[in-house]
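Asker: Input sequences plus hints: build the corresponding full structure.
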Amino acid sequence: MDHYVHAAELEHAALTFEVTDVELARGSTVAEVPTVTFPVTATPARRVLWQLAGLLSLATLASLAGGTVFAASLYGVQWEVTELIKVTQLACSYLVGGWLTWLVLRRPAPKTAPRWWRPLRGHAAGTLGVAISALAMPAAGTLGRDLGPALFGCAVAWLAVEICRSHGVWPDNGAPHTPVQQLQRWKVAQWGFIVCGVSGLLFGLLGKLLTWLDLDIMPVMQDSQMATLGISGPLELALTIVHSVTIEDVVIVAATITLMKAVRRPTWEIYTLVCLIEIGLHAYFGLPAIGAAAMAAGRVWLYLRYRSLLPLMAAHTLWNLFPELGRLSLPNRLMAGVLLAVLFTEIDRRLKKTASQPPPKAPASSQPATPTHDRDRMQETRP
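Just so you know, we're using the UniProt record's numbering here: the sequence shown kicks off at 1 and counts up by one.
Just so you know, not all the hints are guaranteed correct.
What the hints assert, rightly or not - For each label pair, taking beta carbons as the anchor points, the in silico distance ranges come out as:
(1) 323 - 344: 15 to 23 Å
(2) 102 - 44: 17 to 25 Å
(3) 230 - 357: 47 to 55 Å
(4) 194 - 50: 30 to 38 Å
(5) 268 - 348: 28 to 36 Å
(6) 331 - 111: 34 to 42 Å
(7) 354 - 84: 50 to 58 Å
Think of the hints as simulated: they come from the structure by calculation, not from any bench. In this text the structure is predicted, and so the values were computed from the model without any measurement. For each residue, glycine too, the CB sits at the ideal point set by N, CA and C.
Answerer: So, in C-alpha cells, the structure goes:
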C-alpha cells in the first residue's frame with residue numbers, strides 16, 4: 001500500500017490532552033490553544049514498531065556501547081572493543097544512508113513542486129549518506145571524530161522524519177501562525193530549559209553525594225562531562241550539540257512518541273522506553289546517570305502535552321551552551337548573564353503583549369490559512 005497517497009485518508013484518533021489557557025502579564029487569558037492530538041496510522045502496528053526499533057538501534061547503538069564500556073571502566077572492567085564500536089558505527093552509517101535515500105526517492109514530490117525538486121532531494125540524501133559513511137571510517141581521523149557524529153545526527157533526524165511521513169504522521173505541530181501559538185512555543189522552550197536545568201542539578205547532586213560517600217560499588221565520573229567527551233573548544237562543542245540535539249530530541253523524543261502514539265501504545269511504555277535510552281546514553285556518568293531519567297521524563301511530558309519539537313531543541317541547545325560560558329572570566333560571565341536575562345525578559349514581554357491583543361478580522365477575500373494538520377500537511381500526489 002502506498003502510505004503517502006493514503007495519508008490524506010487516514011483517520012485521526014482523538015488522543016486529546018488537557019489544554020490550559022495562556023497566562024498573560026496582566027493576569028488575563030486569551031483564547032485556548034488548539035487541542036493536541038496524535039494521529040493514528042493505517043500501517044500495521046508491528047511494522048511501525050519494527051521500523052521504530054531499527055531507527056532507535058541505528059541512532060544509539062554505537063553511543064550506548066561506548067557509554068557502557070566507559071561505565072564498566074569505572075568498575076575496573078576493561079573491554080577492548082574500541083575497534084568493534086568503530087565498525088558498528090560504520091555499519092550504522094551505511095544502513096542510515098541507504099534507508100534514508102530509499103525513503104526519500106520513493107516519496108512523491110508535492111504537486112506544486114518543480115520537476116527538479118524530487119531528483120535534487122534524492123541527490124541530497126545520497127550525498128549525506130556517502131558523507132556519514134566516509135566520516136565513520138577510521139581513515140577519516142580528526143575530521144571524522146568531530147564532524148562525523150554531527151552529520152550522522154542530522155541524517156538520523158532526517159530519517160526519523162521520513163519514517164513518520166511514510167506512515168502519514170508528522171513529528172511536530174508545525175510553525176506557529178498566531179500570537180497565542182507563538183507565546184505557547186515560548187513557554188514550552190522555557191519549561192524545556194527548566195527541565196534541563198533540574199536534571200543537570202540532579203546530576204551534580206548525585207555526583208557530589210556519591211563522591212562524598214566514597215563507595216567502591218558506586219563509582220562516579222571523575223572528570224567533567226566536556227573532558228570525558230573530549231570537548232576542548234567551541235567548534236567541538238557546537239558539533240557535539242548538533243549530534244546530541246538531533247538524536248535526543250528529534251529521534252528519541254519526537255519520532256518515538258509520534259510513532260508509538262500512531263499505533264496507540266500506552267503512555268507508560270513511552271516514558272519507560274525514552275527514560276531507559278537516555279540513561280544508557282549518559283552511562284559514562286556512572287550511577288548519577290539515573291538523573292537523565294528526569295530530563296527524559298520532563299521532555300516526554302512536554303511533547304505529549306504540546307507536541308512542539310523546535311522549542312525543546314532550542315532549550316536543549318541553550319542548556320548545552322552553558323559550559324562554554326563557564327570558561328569566561330567572572331565579569332564576562334556576569335555580563336553575559338545580564339544580557340541574556342534582559343533579552344529573554346524583553347522577548348517574553350513582547351510575546352505576551354502581542355497575544356493579549358484581539359486578532360485582526362480577516363478580509364473576505366483572504367487566502368486559506370496554511371495547513372497545520374497532519375492530514376493536510378501530508379496530502380501529496382504523484383507527479
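Asker: State for each hint whether it applies.
Answerer: Against the structure, the hints come out as follows:
Under the hint 15 to 23 Å, the C-beta atoms of residue 323 and residue 344, about 19 Å apart, fit the expected range. For the pair residue 102 and residue 44, the beta carbons lie near 19 Å from each other, so the given range of 17 to 25 Å is met. Checking the proposed 47 to 55 Å range against residue 230 and residue 357 shows it holds: the Cβ atoms sit about 50 Å from each other. For the hinted restraint 30 to 38 Å between residue 194 and residue 50, the CB-CB distance of approximately 36 Å keeps it satisfied.
Distance hint check for residue 268 and residue 348: the Cβ-Cβ separation is about 34 Å, which falls inside the suggested range of 28 to 36 Å. For residue 331 and residue 111, the hinted distance range of 34 to 42 Å is not satisfied, since their beta carbons lie about 58 Å from each other. Between residue 354 and residue 84 the C-beta distance comes to about 54 Å, which sits within the given range of 50 to 58 Å.
Comparing the model with each numbered hint stated earlier shows that hint 6 is the single one that does not hold.
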